[in-house]
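Trainee: Numbering of the sequence shown is given in numbering that gives the first Met the number 0, commencing with residue 0 and proceeding in unit increments.
Hints should not be assumed to be uniformly reliable.
List time: in silico DSSO-like cross-link candidates among lysine-lysine, alpha-carbon distance up to 27 Å [claimed, not checked]:
#1 472 x 84
#2 362 x 288
#3 300 x 93
#4 265 x 362
#5 473 x 389
#6 212 x 93
#7 492 x 318
#8 119 x 267
#9 212 x 388
#10 323 x 265
Bear in mind the hints are in silico, worked out from the structure with no lab data behind them.
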Amino acid sequence: MKKLVLSIILLCWFSGVYAQDQKILPKKGLGAVKGQDSVYDNSNRSRDIKKGKSTKQQVGKITDYLIISQENDTTFVDTTLTIYKDYKFNYLRKDDFELIPFSNLGQTYNSLSYNFENTKLMPSFGARARHFNYMEVEDIKYYRVPTPLTELFFKTAFEQGQLLDAFFTVNTTPRFNFSIAYKGLRSLGKYQHILTSTGNFRFTINYSTKNNKYHLRTHIVTQDLMNQENGGLQDSSVPYFETGDPEFLDRSILEVNFENAESILKGKRFHLDHTYDIVRKKDSTSSNKLNIRHIMSFEDKYFQYDQTNSNAYFGDAFKSSKLKDRVSLENFYNQFQLNYSNDLIGDLQFNVSNDNYNYGYNKLVVLNGETIVNRLKGDIYAVGGKYHKKYKSFDFNGEMGINVTGDFDGNYIKGTASFKLNDDMSATASINHSSKAPNYNFLLYQSDYVNYNWRNNFNNIETEQLSFHLKSKKIVDVSADYSTITDYAYFKKDETTNLIKAYQNNSTITYLRIKLEKEIKFGKFALNNTMLYQNVQDENNTLNVPELTTRNTLYFSSNMFKKALYLQTGVTLNYFSSYYMNAYDPLLAEFYIQNEKEYGNFPRLDFFINAKIRQTRIFLKAEHFNSAFTGYNYYSAPNYPYRDFVVRFGIVWNFFM
Numbered sequence: 000m001k002k003l004v005l006s007i008i009l010l011c012w013f014s015g016v017y018a019q020d021q022k023i024l025p026k027k028g029l030g031a032v033k034g035q036d037s038v039y040d041n042s043n044r045s046r047d048i049k050k051g052k053s054t055k056q057q058v059g060k061i062t063d064y065l066i067i068s069q070e071n072d073t074t075f076v077d078t079t080l081t082i083y084k085d086y087k088f089n090y091l092r093k094d095d096f097e098l099i100p101f102s103n104l105g106q107t108y109n110s111l112s113y114n115f116e117n118t119k120l121m122p123s124f125g126a127r128a129r130h131f132n133y134m135e136v137e138d139i140k141y142y143r144v145p146t147p148l149t150e151l152f153f154k155t156a157f158e159q160g161q162l163l164d165a166f167f168t169v170n171t172t173p174r175f176n177f178s179i180a181y182k183g184l185r186s187l188g189k190y191q192h193i194l195t196s197t198g199n200f201r202f203t204i205n206y207s208t209k210n211n212k213y214h215l216r217t218h219i220v221t222q223d224l225m226n227q228e229n230g231g232l233q234d235s236s237v238p239y240f241e242t243g244d245p246e247f248l249d250r251s252i253l254e255v256n257f258e259n260a261e262s263i264l265k266g267k268r269f270h271l272d273h274t275y276d277i278v279r280k281k282d283s284t285s286s287n288k289l290n291i292r293h294i295m296s297f298e299d300k301y302f303q304y305d306q307t308n309s310n311a312y313f314g315d316a317f318k319s320s321k322l323k324d325r326v327s328l329e330n331f332y333n334q335f336q337l338n339y340s341n342d343l344i345g346d347l348q349f350n351v352s353n354d355n356y357n358y359g360y361n362k363l364v365v366l367n368g369e370t371i372v373n374r375l376k377g378d379i380y381a382v383g384g385k386y387h388k389k390y391k392s393f394d395f396n397g398e399m400g401i402n403v404t405g406d407f408d409g410n411y412i413k414g415t416a417s418f419k420l421n422d423d424m425s426a427t428a429s430i431n432h433s434s435k436a437p438n439y440n441f442l443l444y445q446s447d448y449v450n451y452n453w454r455n456n457f458n459n460i461e462t463e464q465l466s467f468h469l470k471s472k473k474i475v476d477v478s479a480d481y482s483t484i485t486d487y488a489y490f491k492k493d494e495t496t497n498l499i500k501a502y503q504n505n506s507t508i509t510y511l512r513i514k515l516e517k518e519i520k521f522g523k524f525a526l527n528n529t530m531l532y533q534n535v536q537d538e539n540n541t542l543n544v545p546e547l548t549t550r551n552t553l554y555f556s557s558n559m560f561k562k563a564l565y566l567q568t569g570v571t572l573n574y575f576s577s578y579y580m581n582a583y584d585p586l587l588a589e590f591y592i593q594n595e596k597e598y599g600n601f602p603r604l605d606f607f608i609n610a611k612i613r614q615t616r617i618f619l620k621a622e623h624f625n626s627a628f629t630g631y632n633y634y635s636a637p638n639y640p641y642r643d644f645v646v647r648f649g650i651v652w653n654f655f656m
């Protein structure tokens, strides 16, 4: 892992040196537009002028550095420093407002909220607690840049480790781009036996032909996410943590449930997405466009739990040593699309897809005289379509899909309508219905532990969701959704054996979420507020979330030293009300329902100093600095304490060459 990270850094460095030596400038069609913000330093430009060099092609605008999503939505590289950059400066590199992390970096997260909107037809792989940092197809971005671009992300970890995300992209021609990136983490952690070691490698290509009729995007991703598992604190150690006894502030002294287990999630994926335009819009008088698109994706992944000796924590085992539970999934996906666009009708799509899946185990388990099947495999064929139409200030989108053959039934339909009221305010409403089989590990699971073996014929999970979003910087940003969930699948301890089993709720759950976001500015000070209210009606208590979750940041920001440095400093409060927090099962790598004890109701205060110097953003944070004086009652899950006070440092550094 270290060699690969070092190789990428050296590649980025030498590519930059080569680019400078060869005087690589913005290509035609990718270059600068006069009057736009430049990614080059003004002092360099002034020096070139003094030397009599032309600067016409050396002024590149930041909006030329394009980032393209799977759905072809395009943004550009953003090197600004805002409070939202602080919220995203974490292991996931995304806003984790609705999550609470475990004590060590790279472990799992407990969810404080859920979104039941769904447009997938197939079950998902299990071990969902290990998938927060697993990069799916929609997480991979493609690029188009006028000059080579490098980004280095670094952040300190917890004891003997660090987090690094190194990224490099270049257009070798105006039509061909590739990018290469690697995110690696090693962190020992403060408690016994919770070492994490993870790696995410990404390679992408974005290509168009000279006549712009054929477009190709492809990526290769390999990922390995390893965690040592300790089962959390022993019940006898919990009082020592909660009383704040100085002797036990060294968290490595606290006893954990076991120290001989680890789990790993590994996956590799090859993804191809290419389009050929049969009829193109040649000019403004031409209104028709017709193309065919093919998406192919092959993914091979497995989750493995290893334990040196069996432990009563999981009940009886078939053997006493060298326990190994390994489950794999091979999925080969193909979709063919026919897309037609007309200025009057709008955008229409018809698609046909096939999923060839092979999920299961390489062993047979006999339980109570009955052999449990060890494989779920087959082919699913589905059809679907999409529609989009923009009319004046209205924007309409619709999509649907249904499985027509195969062992898994599934369907979904989604409609969205957006309206732009004025330059500041817009509104969006959507409706979504979905019927999908529960995840694979609810249907089939095998283990060396006797209790963790089942084959269930669960019903499809049926969900309906209505959502509304009003967006306004001047007034408030508010979003709300109301969901009903039928046949909800979950894990819970069996009342007789006190061991984990898979269940399905036989009643309908109603779930309301209302989220408010508003920033109030007064001079160089600002108060950024995010509040989430949730209400669940569930007679079986299988969906547990806090009623109130809030994040409030009071901060100061200003340019300093003749605008050579931009500074932000302030305090962030995170809080969620007490509720029956889900517990964590490391063997399944899943969270399960518990209704015995409430957790939460503790504030988390972070003090931060962030700065921007040219294209470098610097982050310094004193995390949870109130831990010593507001009580040791903070948990990420039952028996898994949240993080103590710690000071961490990091940077994000962009190179435009």
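Trainee: Hint by hint, say whether it matches the structure.
Mentor: Against the structure, the hints come out as follows:
Between the alpha carbons of residue 472 and residue 84 the distance comes to roughly 18 Å, so the proposed pair stays at or under 27 Å and holds. Taken as a hint, the residue 362 and residue 288 pair is broken in the structure, with Cα atoms around 52 Å apart against an allowance of 27 Å. Taking the CA atoms of residue 300 and residue 93, the gap is about 24 Å. The hint holds against a cut of 27 Å. Between the alpha carbons of residue 265 and residue 362 the distance comes to roughly 20 Å, so the proposed pair stays at or under 27 Å and holds.
Restraint check for residue 473 and residue 389: the C-alpha separation of about 25 Å stays at or below 27 Å, so the hint holds. A distance of roughly 35 Å separates the Cα atoms of residue 212 and residue 93; the hinted pair therefore is violated under the 27 Å criterion. Using a Cα cut-off of 27 Å, the hinted pair residue 492 and residue 318 holds, with the two alpha carbons roughly 22 Å apart. For the suggested pair residue 119 and residue 267, the alpha carbons sit about 20 Å apart, so the restraint of at most 27 Å is met.
At most 27 Å may separate the alpha-carbon atoms for a hinted pair to count; residue 212 and residue 388 meet this at roughly 23 Å. The suggested pairing of residue 323 with residue 265 holds, with an alpha-carbon distance near 15 Å, which does not exceed 27 Å.
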